[in-house]
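Engineer: Here is what each chain is made of, one letter per residue.
Protein chains: 2
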Amino acid sequence: MNQTYWLRNVRPYGGVAEDFRIDAGRIAERRPASAAPVAKRDINGCQQLLTPVLVESHVHLDKTLFGQPWRPNSAGPTLKDYILNERRVLREIDAPIAARAGALLENCIARGSLRMRCHVDIDPEFGLHHVEAMQEVRERYRDLIDLQLVVFPQTGLISRPGTAGLMREALQMGVENVGGLDPCGIDNDPIAQLDFIFKLAVEFDRGIDIHLHDKGELGLWQIARIADYTERYQRQGRVMISHAYCLGMAPWAQVRPLAERLAAQGISLMSSAPADCAVPPFLELRAAGVNLCLGSDGIRDAWSPMGNGDMLERAFLLAFRFDLNKDEELAAAFEAATVNGARALGIDEVSVEVGQPADFLLMPVQTLGEAVVARPARQVYRAGNLIAEQGRLLESRL
Amino acid sequence: MNQTYWLRNVRPYGGVAEDFRIDAGRIAERRPASAAPVAKRDINGCQQLLTPVLVESHVHLDKTLFGQPWRPNSAGPTLKDYILNERRVLREIDAPIAARAGALLENCIARGSLRMRCHVDIDPEFGLHHVEAMQEVRERYRDLIDLQLVVFPQTGLISRPGTAGLMREALQMGVENVGGLDPCGIDNDPIAQLDFIFKLAVEFDRGIDIHLHDKGELGLWQIARIADYTERYQRQGRVMISHAYCLGMAPWAQVRPLAERLAAQGISLMSSAPADCAVPPFLELRAAGVNLCLGSDGIRDAWSPMGNGDMLERAFLLAFRFDLNKDEELAAAFEAATVNGARALGIDEVSVEVGQPADFLLMPVQTLGEAVVARPARQVYRAGNLIAEQGRLLESRL
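Protein sequences appear in the order of chains U and Z. All residue numbers for the first sequence refer to this note's numbering, where the first residue is 361 and numbers rise by one. All residue numbers for the second sequence refer to this note's numbering, where the first residue is 361 and numbers rise by one.
What the hints contain is simulated information worked out from the structure, not anything from laboratory work. Among the hints, a few may not be true.
Intra- or inter-copy, both count: the list cannot distinguish identical chains.
The calculated BS3-like cross-link candidates involving lysine-lysine, where the alpha carbons are at most 27 Å apart (straight line), are [said to hold, decoys possible]: (1) 440 with 400; (2) 400 with 686; (3) 575 with 559; (4) 440 with 575; (5) 686 with 440; (6) 575 with 686; (7) 559 with 400; (8) 559 with 686.
Take the sequences, apply the hints, and build the full model.
Structural biologist: Listed below in structure tokens is the structure:
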């Protein structure tokens, strides 16, 4: 690829056609589309839609079975069955984390996710093995994707002796975020868990990301406590609550005051927009100023064989979940899979402004709404270079 | 294509590999896969999954904007707004029904739906224009897809003078099914509507397909009445209720007796498996012996820009809706998009048994579950001939 070239005739966000000058991996200039012939060293965008890259805000790469032979889900009915089943499945699988997570990561990159937050299990049983493996994976793909990690106490924190020490070690190794998990439902000691993770986050100056599956009033009460802790420990803009099904279980009149606290404290929400249960009410929260982003959660793992890592499809699923059919609503779903994710992850905004890294997508559709509905095959650019198209990395590293 | 050939090394439904002999457009023989080299006149299936074709049980081809430039949804908030908006949009569109419906139909065929039921609007304003156009479309694609029509009183039947006569005319023209629409919610005279459509169906010996959006107890009461009419007019196995959201709104203990009546009367249900509202409880109904099939409903029309006509994706959306993750559940979702549809439409079973038409799909996946999860590009065979792959008809007729 040329160090400097013009990307001609593209329509940013579906607007009028422009030409983009790419220089040294960044967007150096934008101008209205010129009618001049496209020079050989330049690229003709052919009136395609140009957008920022997608942001995968919540995924579990370390546990995926992606790229492995199909494996029927074998878990029993309870949450405990699923956790034990996962441990058994991962013990039985020969392929190392690097192979499985790498295969999935390449798939995610190929579909346009170039910013990502990945939760990584720790457990007294296998210690920091997953963290070490994921740090290697991150290094291997550092030039293609900005990947941040969350140390995630899947089997409990306060209730699982040995886990707290592992979390501290993971942060010392450079993991960017402190994870939490149902302070009530899993640990049965919410204040002890929140005390621990907020103090640890302050000590290491890291972000916080809490899985909250607890339902109804129990969930809502914990969201209020997380807002308390965010305020007390001055973690505004650094805290995410993942899933938060409970916000979709109560009338908006009850949820609204909580939404206002989330907005005031800059606490983001992450949803995978599931359709079998309540989910945070996207449009109402958005109107209240709450930043909601999207994640795939588990992909082809021992929890479920579902998922494909396509964040444009996740935006579609959000739209499907809430019957969004107006263009401005579909554009909001697209934002949830792009700018909202960047904001939640505490990273630079994903945009196509001059001065930004030349990371972007090209799609053969007319509008953002059509992109969300149609989820077309797309071209993925990183630092000005085409790295993937038709759902495939041009150069696999597997 | 050869009149007779062997399709070698395919795995029906994901089972062990077999060879299929195709003769004169039908499946003439099946045998365990031979190890012999593949002759030049034969086809190597390369261990792909072989399945029956997909069945689209509910679509509105006549109203689609498929293939037209992206059009933002412009409807107001109420149901009446949507109906009036659709009338306005369809008046404004230059492309005739044959072009729009044809484009969508080709897309559906290319994704593997070779059996289809299409609802067609009648209305005193435009009379039988849609029916005539759709009968032409059907003729044009008769060798590629088995398409049956339902005459559909979108703006009301009893409450809309002139509609009843149009319905009779449509049946005289050969439309296969009598349509109904919210006997309470739209017509405000349920007994008059049911009297009319059941008597008409008996007179012409046709099927019945009733859109039922009415919610809660109002919907459940109408389902009981439809069962009464089915029994009284001996229409067992000939009646479908489309949508029936109300069945997902009441506790199963209340729904079960109704489900037992549906099963006993051979009344099928159709769902598009939406995620923003209640839907009939798939697994419970299935266990109770109720035949539930899937449909796209509207695709890229004035009601919503969503939809793509891929019935394998619809099976995925059903699985997503109910968090199906076990292989037998995913296979049930596949059945909803295949055999259940054929049963509901009153047509020959779609299967790959000897003697059946050589209509089938080939997919590069391991199991039915993986097919539903991954929705891969597929090869579509009609009467033994490859007619589509990679989502495209080999020979467009547009």
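Engineer: For every hint, state whether the structure bears it out.
Structural biologist: Here is what the structure says about each hint:
1. In this homomeric assembly, residue 440 and residue 400 never come within 27 Å of each other (Cα to Cα): the closest approach is 60 Å inside a single copy and 55 Å across copies.
2. Proximity of residue 400 and residue 686 under a CA criterion of 27 Å is satisfied in neither setting, with 40 Å inside one chain copy and 53 Å between copies.
3. Proximity of residue 575 to residue 559 under the C-alpha cut-off of 27 Å is restricted to the intra-copy arrangement: shortest distance 26 Å within a copy versus 50 Å between copies.
4. Only within a single protomer do residue 440 and residue 575 lie at most 27 Å apart by alpha-carbon distance; the minimum there is 17 Å, versus 37 Å between protomers.
5. Proximity of residue 686 to residue 440 under the C-alpha cut-off of 27 Å is restricted to the inter-copy arrangement: shortest distance 17 Å between copies versus 41 Å within a copy.
6. For the identical chains of this complex, residue 575 and residue 686 are inter-copy neighbours only, at 24 Å across copies versus 31 Å inside a copy, given an alpha-carbon limit of 27 Å.
7. For the homomeric pair residue 559 and residue 400, neither the shortest alpha-carbon distance inside one copy (57 Å) nor that between copies (71 Å) is at most 27 Å.
8. In this homomeric assembly, residue 559 and residue 686 never come within 27 Å of each other (Cα to Cα): the closest approach is 44 Å inside a single copy and 41 Å across copies.
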